[in-house]
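*Asks:* Full structure from sequences and hints, please.
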Amino acid sequence: GQQLNQSPQSMFIQEGEDVSMNCTSSSIFNTWLWYKQEPGEGPVLLIALYKAGELTSNGRLTAQFGITRKDSFLNISASIPSDVGIYFCAGQLGTYKYIFGTGTRLKVLA
Amino acid sequence: DTAVSQTPKYLVTQMGNDKSIKCEQNLGHDTMYWYKQDSKKFLKIMFSYNNKELIINETVPNRFSPKSPDKAHLNLHINSLELGDSAVYFCASSHWGYSGGRNNEQFFGPGTRLTVL
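Going down the list, the protein sequences come from chains A and B.
The first sequence begins at 103 in the working numbering and counts up by one.
The second sequence begins at 1097 in the working numbering and counts up by one.
These are calculated hints, taken from the structure and not from any lab test.
Since the structure is predicted, the reported quantities are computational estimates derived from the model, not experimental observations.
Careful, some of the hints might be misleading.
Simulated pairs of lysine-lysine, DSSO-like, Cα-Cα distance not exceeding 27 Å [unchecked claim]: (1) B/1118 with B/1136; (2) B/1132 with A/209; (3) A/199 with B/1105; (4) B/1115 with B/1137; (5) A/199 with B/1118; (6) B/1105 with A/209.
With beta-carbon atoms standing in for the labels, derived distance ranges [said to hold, decoys possible]: (7) B/1192 with A/130: 18 to 28 Å; (8) B/1191 with A/117: 35 to 45 Å; (9) A/169 with B/1110: 46 to 56 Å; (10) A/129 with B/1135: 39 to 49 Å; (11) B/1118 with A/141: 18 to 28 Å; (12) B/1157 with A/196: 44 to 54 Å; (13) A/196 with B/1112: 41 to 51 Å; (14) B/1124 with A/196: 17 to 27 Å; (15) A/142 with B/1124: 38 to 48 Å.
Computed, partial: chain B to chain A, Cβ under 7 Å [unchecked claim]: (16) 1144; (17) 1183; (18) 1186.
We treat Cβ as the ideally placed atom computed from N, Cα and C, and that holds for glycine.
*Replies:* Here you go:
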């Protein structure tokens, strides 16, 4: 099945560092969603992007909808231990279908 | 006041059995989904329903049969369970919206961990 390329696959960072991750595709998407999943839980929506070039923040998180509409970026500033988890991007393909990225596993060392 | 709920949270069963997973959302959404997350954490859409009608079936074996009795509920019945069906199954919901609309945010349930022995 289709999946978005998401990188990096995993990251180990020190508390206080900034984090960047991205998703790329050969398809054009009209909506990008970013999720965080913690162990034993469902993905939780962090940020939604609807327009090419859009830059949206949610606290320490900032995400951008790429100009080409084929990519998106998520940045986390000043990471803290509770940022640990798996971060997924999702692109909307058509009206009812979302394609998910392969996930970025983030570990924060205190 | 849970937005998207699923039952059961855990399901352990023998190969060949039939089992069901239930999902309910109280967000007033009209589109619901089933996803499968494998051991590598890849999330893959299985089905999408809009207003109780099946919209997407991603080449899922016909042992899997979703049923939507109303817009707030989407259940998943699995016949003749196989070892490869072991995974976490997530229900999700959203408003129906044209592609790129501001109502396209999708919300997930807590998941059902299915283990087939």
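*Asks:* Next step is simple, just say for each hint if it's right about the structure.
*Replies:* To see whether the hints hold, each was checked on the structure:
no. : hint                          : verdict
1   : B/1118 with B/1136            : holds, 24 Å
2   : B/1132 with A/209             : holds, 24 Å
3   : A/199 with B/1105             : holds, 25 Å
4   : B/1115 with B/1137            : holds, 22 Å
5   : A/199 with B/1118             : holds, 21 Å
6   : B/1105 with A/209             : holds, 26 Å
7   : B/1192 with A/130: 18 to 28 Å : holds, 21 Å
8   : B/1191 with A/117: 35 to 45 Å : holds, 38 Å
9   : A/169 with B/1110: 46 to 56 Å : holds, 52 Å
10  : A/129 with B/1135: 39 to 49 Å : violated, 26 Å
11  : B/1118 with A/141: 18 to 28 Å : holds, 23 Å
12  : B/1157 with A/196: 44 to 54 Å : violated, 23 Å
13  : A/196 with B/1112: 41 to 51 Å : violated, 36 Å
14  : B/1124 with A/196: 17 to 27 Å : holds, 22 Å
15  : A/142 with B/1124: 38 to 48 Å : violated, 27 Å
16  : 1144                          : holds, 4 Å
17  : 1183                          : violated, 14 Å
18  : 1186                          : holds, 5 Å
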